[in-house]
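Asker: Now for the letters of each chain:
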Amino acid sequence: MWLTSKIKQLLLVLQPGTVTLKYPSEPRPAPGDFRGAPTWDHARCIGCGGCANRCPARTILVRDICQEIRVLFYDGSRCTYCGRCAEVCPEDAITMTDRYELATDDRNDVTENLELFMLTCQRCGRCFDLETDNLLDRLDLRGYRYDSLQARTVLRRTSDRFDAAVLADTEDYRRPEK
Amino acid sequence: MLAGLARKCFRRSLWVYHCNSGACNGCDIEILNILTPYYDVERFGIRLVGSPRHADVMLLSGAVTRPTRPLVRRAYEAMPAPKMVFGIGSCATGGGCWFDTYNVAGGGAQAVPVDYYVPGCPPRPEAIIYGVALALGLVDKKAAPAEMKQVEFPIDAYEQNRAWQERHVIYRLLEDRH
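Protein chains in written order, with our numbering: chain E, 1 to 178; chain L, 1001 to 1178.
Here chain E stands alone, though its shape is the one from the complex:
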């Protein structure tokens, strides 16, 4: 009796065959709704910094190295691939690709660096008039930003107009030691 049940079991096991993926030798595309590494279309980006404001892991850093050039730095090493940056982008410059083979021995391999040209108002040096006497509005300020690209940290230092003193002050920012 036990032998017949064992034979039955064996036949059941043999039925599905080999299920193991031959992954590294054969490519395995991700499913359609998979969110992989985000990519920036530098021709479309207007440098509004909306992605940097929305990023929960603060992977996207914005630094204005001068009044005309804004550097947008994406540090993919702590990205959680939530797709909020692609969601808020007004110009659809960010797309979530299906790339997931990001394993690397160097953390710099998963970074993207965008250099954007910004035009400023000839009169006030800003794009639009913003209320700056209210502290709550100041938190939301999307003017000039001075994040540290070397330390890869977001600095809550923004100003309504380009400030060379703040730029020099944040140049060699170091994260506080724990």
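Read the hints as simulated data drawn from the structure, not as lab findings.
Straight-line Cα separation of at most 30 Å, DSSO-like style, residue types lysine-lysine; simulated pairs:
| id | chain 1 | residue 1 | chain 2 | residue 2 |
| --- | --- | --- | --- | --- |
| 1 | L | K1083 | L | K1142 |
| 2 | E | K22 | L | K1083 |
| 3 | L | K1083 | L | K1141 |
| 4 | E | K22 | L | K1141 |
| 5 | E | K8 | E | K22 |
| 6 | E | K22 | L | K1142 |
Given the structure of chain E, go ahead and fit chain L onto it with the hints provided.
Answerer: Okay, now just chain L, sitting in the frame of chain E:
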């Protein structure tokens, strides 16, 4: 160099020790996933062991929290000499969402020297297999840093505009009228 060394040292098989340093269990489930028959990593001789003293490779998941940091260091020091550390997930790679939180060291590299990073939140099982295959030298590295620049410069745009105005006489007529 590191890949060649890894091929020489770990020719037969890698015994991995899974070290959770405060992960949310997402990466841990994916690590257990690659040991299932579907993604059978025993093809490469990878076996999960319970003690760091038997292990060649430490699979580190989670941003290293302050209480676990000395324990991670002790587990690393307990491993015998040719040893590697894989940072699995965004937290072990760069600290994830908690990279600058007060009770988090901010990534596996803050506690132990990490040799290979597998970003993802959580990484797909294929991504972890890809990282292991990358360390074994079976596949090529696909991630690379990207640098993009907007090529237009406002001064150039101004000159182009002037050249365009000179070609089109209507503007000159308008100027004459003024």
